[in-house]
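Colleague: In case you want the letters, here they are:
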Amino acid sequence: MNEYVAYESLVEGADFLQPAPAFEVTQERVESYIQATGDQTKQLENTLVSGERIAPPMLAAVYVIEALRTRVGPPGGIHAKQKFKFYRPAKIGETLFTKAKVLSLYEKKGRQYVEMSTETKNQTGELISTGIITRIWGKVDE
Amino acid sequence: MSERALKYWEGLSVGDVLPELCQQVDQTMINAYADASGDINPLHIDPEFAKTTIFGKTIAHGLLTLAFVSRVLSHWNWHGWAYGGELDIAFLGPVYPGNEVRVSGEVTAIIQSELGVFAHCELACSCDDKVVLKGKAVCQI
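These protein sequence lines map, in sequence, to chains Z and U.
Numbering-wise (my numbering), the first sequence opens with residue 40 and increments by one.
Numbering-wise (my numbering), the second sequence opens with residue 508 and increments by one.
Do not rely on the hints blindly, as some may be mistaken.
[Unchecked claim] List time: in silico DSSO-like cross-link candidates among lysine-lysine, alpha-carbon distance up to 27 Å: (1) U:Lys514 x Z:Lys147; (2) U:Lys637 x Z:Lys160; (3) Z:Lys148 x U:Lys643; (4) U:Lys637 x Z:Lys81; (5) U:Lys643 x Z:Lys147; (6) Z:Lys147 x Z:Lys81; (7) U:Lys643 x Z:Lys140; (8) U:Lys514 x Z:Lys124; (9) Z:Lys140 x Z:Lys81; (10) Z:Lys124 x Z:Lys138; (11) U:Lys643 x Z:Lys130; (12) Z:Lys148 x U:Lys637; (13) U:Lys643 x Z:Lys122; (14) Z:Lys140 x Z:Lys178; (15) Z:Lys160 x U:Lys564; (16) Z:Lys160 x Z:Lys148; (17) Z:Lys81 x Z:Lys148; (18) Z:Lys138 x U:Lys564; (19) U:Lys637 x U:Lys558; (20) Z:Lys178 x U:Lys643; (21) Z:Lys81 x U:Lys558; (22) Z:Lys147 x Z:Lys178; (23) U:Lys514 x Z:Lys148; (24) Z:Lys81 x U:Lys643; (25) Z:Lys140 x U:Lys637; (26) U:Lys641 x Z:Lys124; (27) Z:Lys130 x U:Lys564; (28) U:Lys564 x U:Lys514; (29) Z:Lys160 x U:Lys514; (30) Z:Lys122 x U:Lys641; (31) Z:Lys138 x U:Lys643; (32) Z:Lys120 x U:Lys641; (33) U:Lys643 x Z:Lys124; (34) Z:Lys160 x U:Lys643; (35) U:Lys514 x Z:Lys178; (36) Z:Lys160 x U:Lys558; (37) Z:Lys120 x Z:Lys138; (38) Z:Lys122 x U:Lys558; (39) Z:Lys140 x Z:Lys130; (40) Z:Lys120 x Z:Lys178.
Worth flagging that the hints you see were computed from the coordinates, not collected in a lab.
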């Protein structure tokens, strides 16, 4: 298990994930996500002309958070806000790499907020999604 | 870049509501999301641990609730949502096992630009009368 990342150690403008962790988009993972979320979108059942199968756009919530979980703050953190832009759905068989950068750090009502940008590309460098996540950072001994 | 606000576009009008979704959430669903996402925070899956938190019991992952929002948008406008869709939401409160999450949305603007015509939607998820998630989405139509 990684050590907790302290709020005080974060720097605005700094890369948060170096190197970008890899996420394999497997059929098992996609089916597991579809089943868990009750997604019955019919387009997800189809095979593309290219023979490929696609994942729900919101699989981003899995591959981005999994990447960010490689460096976590102390327990007690809360996911406060989320922005996503989907360029296209991920495809089964792709490997995704998510970069993250600390955008801003601020305190409000005694809580410490961390705003990070994320950018996910596949193994050929094609852009899949971008996002901005705002977390209330956990505090040590909280 | 010039933009023009429209009142309607090809059968879609400002004020139209998105198809509503009501989804029952139980511990089995939360556990399944934990397995699928790898997010095994005990707050979500360990009732004994959750009793020691401010919530008093387990809560669903916020991103599970967000998945319901994506289902609504996928059903309403698959291509516009999956290929270029944008989302901006805030998590406002917990969803507990046994809650029914109601996802609602409304088209608040239709904007035409050089890039195309885009629907701007306001979205909310509520449990009973309590709003647990609120935000906006934009997708091409």
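Colleague: If a hint holds in the structure, say so; if it does not, say that too.
Modeller: Taking the hints in turn, this is what the structure says about them:
As the CA atoms of Lys514 of chain U and Lys147 of chain Z are separated by approximately 39 Å, the hinted pair breaks the 27 Å bound. Distance check on the hinted pair: Lys637 of chain U and Lys160 of chain Z sit about 37 Å apart at the alpha-carbon level, beyond 27 Å; violated. For the hint linking Lys148 of chain Z to Lys643 of chain U, the alpha-carbon distance of about 25 Å falls within 27 Å, and the restraint holds. Using a Cα cut-off of 27 Å, the hinted pair Lys637 of chain U and Lys81 of chain Z is violated, with the two alpha carbons roughly 31 Å apart.
For the given pair, Lys643 of chain U sits about 23 Å from Lys147 of chain Z by alpha-carbon distance, which is consistent with the 27 Å threshold. Between Lys147 of chain Z and Lys81 of chain Z the alpha-carbon distance is near 43 Å, which puts this suggested pair outside the 27 Å criterion. A C-alpha spacing of about 23 Å is found between Lys643 of chain U and Lys140 of chain Z, which places the hinted pair at or below 27 Å, so the restraint holds. Using a Cα cut-off of 27 Å, the hinted pair Lys514 of chain U and Lys124 of chain Z holds, with the two alpha carbons roughly 25 Å apart.
As the CA atoms of Lys140 of chain Z and Lys81 of chain Z are separated by approximately 35 Å, the hinted pair breaks the 27 Å bound. Under the criterion of a C-alpha separation no larger than 27 Å, the hint pairing Lys124 of chain Z with Lys138 of chain Z is consistent with the structure, at around 15 Å. Simply put, Lys643 of chain U and Lys130 of chain Z have alpha-carbon atoms about 26 Å apart, close enough for the 27 Å limit, and the pair holds. Between Lys148 of chain Z and Lys637 of chain U the CA atoms are separated by roughly 23 Å; this keeps the pair inside 27 Å, and the hint holds.
For the proposed pair Lys643 of chain U and Lys122 of chain Z, the alpha carbon gap of about 9 Å is at most 27 Å, so the pair holds. Among the hinted pairs, Lys140 of chain Z with Lys178 of chain Z is consistent with the structure: their alpha-carbon atoms are about 20 Å apart, no more than 27 Å. Pair hint Lys160 of chain Z plus Lys564 of chain U does not hold up; C-alpha atoms about 37 Å apart against a cutoff of 27 Å. Restraint check for Lys160 of chain Z and Lys148 of chain Z: not satisfied, since their Cα atoms lie roughly 36 Å apart, outside the 27 Å limit.
As the CA atoms of Lys81 of chain Z and Lys148 of chain Z are separated by approximately 45 Å, the hinted pair breaks the 27 Å bound. The hinted pair formed by Lys138 of chain Z and Lys564 of chain U fails the criterion: a straight-line CA distance of about 34 Å is larger than 27 Å. Proximity of Lys637 of chain U to Lys558 of chain U is assessed by CA-CA distance (about 22 Å); at most 27 Å being required, the pair is judged to hold. As the CA atoms of Lys178 of chain Z and Lys643 of chain U are separated by approximately 30 Å, the hinted pair breaks the 27 Å bound.
This hinted pair does not check out: Lys81 of chain Z and Lys558 of chain U have alpha carbons roughly 39 Å apart, beyond 27 Å. Restraint check: the Cα-Cα separation between Lys147 of chain Z and Lys178 of chain Z comes to about 14 Å, which is no more than 27 Å; the hinted pair holds. This hinted pair does not check out: Lys514 of chain U and Lys148 of chain Z have alpha carbons roughly 41 Å apart, beyond 27 Å. Between Lys81 of chain Z and Lys643 of chain U the alpha-carbon distance is near 24 Å, which keeps this suggested pair within the 27 Å criterion.
Taking the CA atoms of Lys140 of chain Z and Lys637 of chain U, the gap is near 33 Å; set against the 27 Å cutoff, the hint is violated. The straight-line distance between the Cα atoms of Lys641 of chain U and Lys124 of chain Z is roughly 17 Å, inside the 27 Å bound, and the hint therefore holds. Our distance criterion of 27 Å between C-alpha atoms is broken by Lys130 of chain Z and Lys564 of chain U, whose separation comes to about 36 Å. Pair hint Lys564 of chain U plus Lys514 of chain U does not hold up; C-alpha atoms about 46 Å apart against a cutoff of 27 Å.
Note on Lys160 of chain Z and Lys514 of chain U: the hinted pairing is violated, with a Cα-Cα distance of about 36 Å set against a maximum of 27 Å. Distance check on the hinted pair: Lys122 of chain Z and Lys641 of chain U sit about 12 Å apart at the alpha-carbon level, within 27 Å; holds. Simply put, Lys138 of chain Z and Lys643 of chain U have alpha-carbon atoms about 24 Å apart, close enough for the 27 Å limit, and the pair holds. Pair hint Lys120 of chain Z plus Lys641 of chain U holds up; C-alpha atoms about 10 Å apart against a cutoff of 27 Å.
A distance of roughly 12 Å separates the Cα atoms of Lys643 of chain U and Lys124 of chain Z; the hinted pair therefore holds under the 27 Å criterion. A distance of roughly 24 Å separates the Cα atoms of Lys160 of chain Z and Lys643 of chain U; the hinted pair therefore holds under the 27 Å criterion. Proximity of Lys514 of chain U to Lys178 of chain Z is assessed by CA-CA distance (about 48 Å); at most 27 Å being required, the pair is judged violated. Between the alpha carbons of Lys160 of chain Z and Lys558 of chain U the distance comes to roughly 40 Å, so the proposed pair goes past 27 Å and is violated.
A distance of roughly 18 Å separates the Cα atoms of Lys120 of chain Z and Lys138 of chain Z; the hinted pair therefore holds under the 27 Å criterion. The suggested pairing of Lys122 of chain Z with Lys558 of chain U is violated, with an alpha-carbon distance near 31 Å, which exceeds 27 Å. For the hint pairing Lys140 of chain Z with Lys130 of chain Z, the CA-to-CA distance comes to about 25 Å; that is within 27 Å, so the pair holds. Restraint check for Lys120 of chain Z and Lys178 of chain Z: satisfied, since their Cα atoms lie roughly 19 Å apart, inside the 27 Å limit.
Going through the hint list in order, the structure does not satisfy hints 1, 2, 4, 6, 9, 15, 16, 17, 18, 20, 21, 23, 25, 27, 28, 29, 35, 36 and 38.
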